[in-house]
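S.K.: From first to last, the protein sequence lines stand for chains A and B. Following this note's numbering from start to finish, the first sequence increments by one per residue and tops out at 216. Following this note's numbering from start to finish, the second sequence increments by one per residue and tops out at 216.
Restricting the straight-line Cα-Cα distance to at most 35 Å, the calculated cross-link-like pairs of lysine-lysine (DSBU-like) are:
no., chain 1, residue 1, chain 2, residue 2
1, A, Lys98, B, Lys21
2, A, Lys89, B, Lys21
3, B, Lys20, A, Lys98
4, B, Lys27, A, Lys204
5, A, Lys118, B, Lys20
6, B, Lys89, A, Lys21
7, A, Lys26, B, Lys204
8, A, Lys204, B, Lys179
9, B, Lys26, A, Lys118
10, B, Lys118, A, Lys65
11, A, Lys204, B, Lys92
12, B, Lys118, A, Lys204
13, B, Lys98, A, Lys21
14, B, Lys20, A, Lys92
15, B, Lys65, A, Lys118
16, A, Lys89, B, Lys92
17, A, Lys204, B, Lys89
18, B, Lys65, B, Lys179
19, A, Lys20, B, Lys89
20, B, Lys89, A, Lys92
21, B, Lys65, A, Lys92
Computed far set for chain A versus chain B, every beta-carbon distance over 10 Å:
no., residue
22, Lys20
23, Asn90
24, Ala195
The set of hints was computed from the structure by calculation and includes no laboratory data. Only a predicted model underlies this, so the values are computations on that prediction, with no experimental measurement involved. All residues carry an ideal CB built from backbone N, CA and C; glycine is no exception.
There are 2 protein chains.
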Amino acid sequence: MPTLSPRDLVERLSWRYATKKFDPAKKIPPDVWAALEQSLLLSPSSFGLQPWAFIVVNDRATREKLFAASWNQPQILAASHLVVFAIRKNLKAADAEKLIDRIVEVRNVPRESLEGYKGMMTGFLGNPPAGFRIDDWSARQLYIALGTFLTSCAALGVDACPMEGIQPADYDRILGLAKQGLGAVCVATAGYRAADDGYASLAKVRYPAEQIVQRV
Amino acid sequence: MPTLSPRDLVERLSWRYATKKFDPAKKIPPDVWAALEQSLLLSPSSFGLQPWAFIVVNDRATREKLFAASWNQPQILAASHLVVFAIRKNLKAADAEKLIDRIVEVRNVPRESLEGYKGMMTGFLGNPPAGFRIDDWSARQLYIALGTFLTSCAALGVDACPMEGIQPADYDRILGLAKQGLGAVCVATAGYRAADDGYASLAKVRYPAEQIVQRV
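Please model the complete structure; the sequences and the hints are all you need to start from.
M.R.: Here it is as structure tokens:
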């Protein structure tokens, strides 16, 4: 069973940084990109609800529109690949039903065996805790996928840059997301760092471990 | 540079599942756990603000209290390791100042060179977009760390289970988080699956790729 060693994992995660300048000539090979798409699909989510969509934008004209909707950040154009992370908005009990349908299909189990599970989901989605906003909760799930994707990139030796600095309403319009019930939240660009990206050699800034990790 | 192959990555992520039954006799070796803690510390966050703390709970009596505050989910007691993911609440401009201090310290750069960066952060934290709730945004960042941690576990061959089904206010009280300005959001348990965890052999339920990934 191929795994990374603990030392290799830390080496990979230390190598990772938010790439500011990609080499536009270097493209992610198809087999590598296919695995990164799988990392998105296989990402965990609460209840397994997968309240998301991922839009991979290769079309140059669309990239240019998104560039303008992203404060002209150069990664949008220069990166080999760009993926928009979107939530499925206004998740509701019907989404729980849909997941139950899929479980029955994939696992070939009787629907009745999933009644308790369905009840937990519909109870949560139909009557969330006070102050809870479902779209915010879906966005949290989306960020699990973002973490999964960025870590997967690092494990494969692919550079990436997560980007929140986008204008979501413009993204929704440009990509036709609103009419699908989707809402763009953030972006990840991926590819290979330019040789002269000065950010690559900067020391990683983290607070001391003793300020972040507590032991009980 | 040690990396996973694309095939190995997909194999690792397919092997991963939300472990329901851990083998309580199997403990994560110290060097492996140290790497997983590093994955938390090295996790990306917006602006690099690291609006979080991670509480590793080994103490048995505390675990029993958390068990009661987690709907008696057995992973809380049976897993080798338990880490509570908490946000730093009410992030504000002072947190941007603190990060600037740390950048100056780690990179030995003049403070003046970071004025623009500081302005972006203080502008965002002091005057967030309409409808934005800072604690929700911090929780999103925390879920990047959750995704990083779960993917790192998979890469190392460690089983894990992310858990949102906790009573955060009880967690805050039991762990003394509120007085530190922290708030528990979710938990990850980690260890090794029990030989008889039936969930391990169930087919992974995902929607078809064409329903989740769009191409433009």
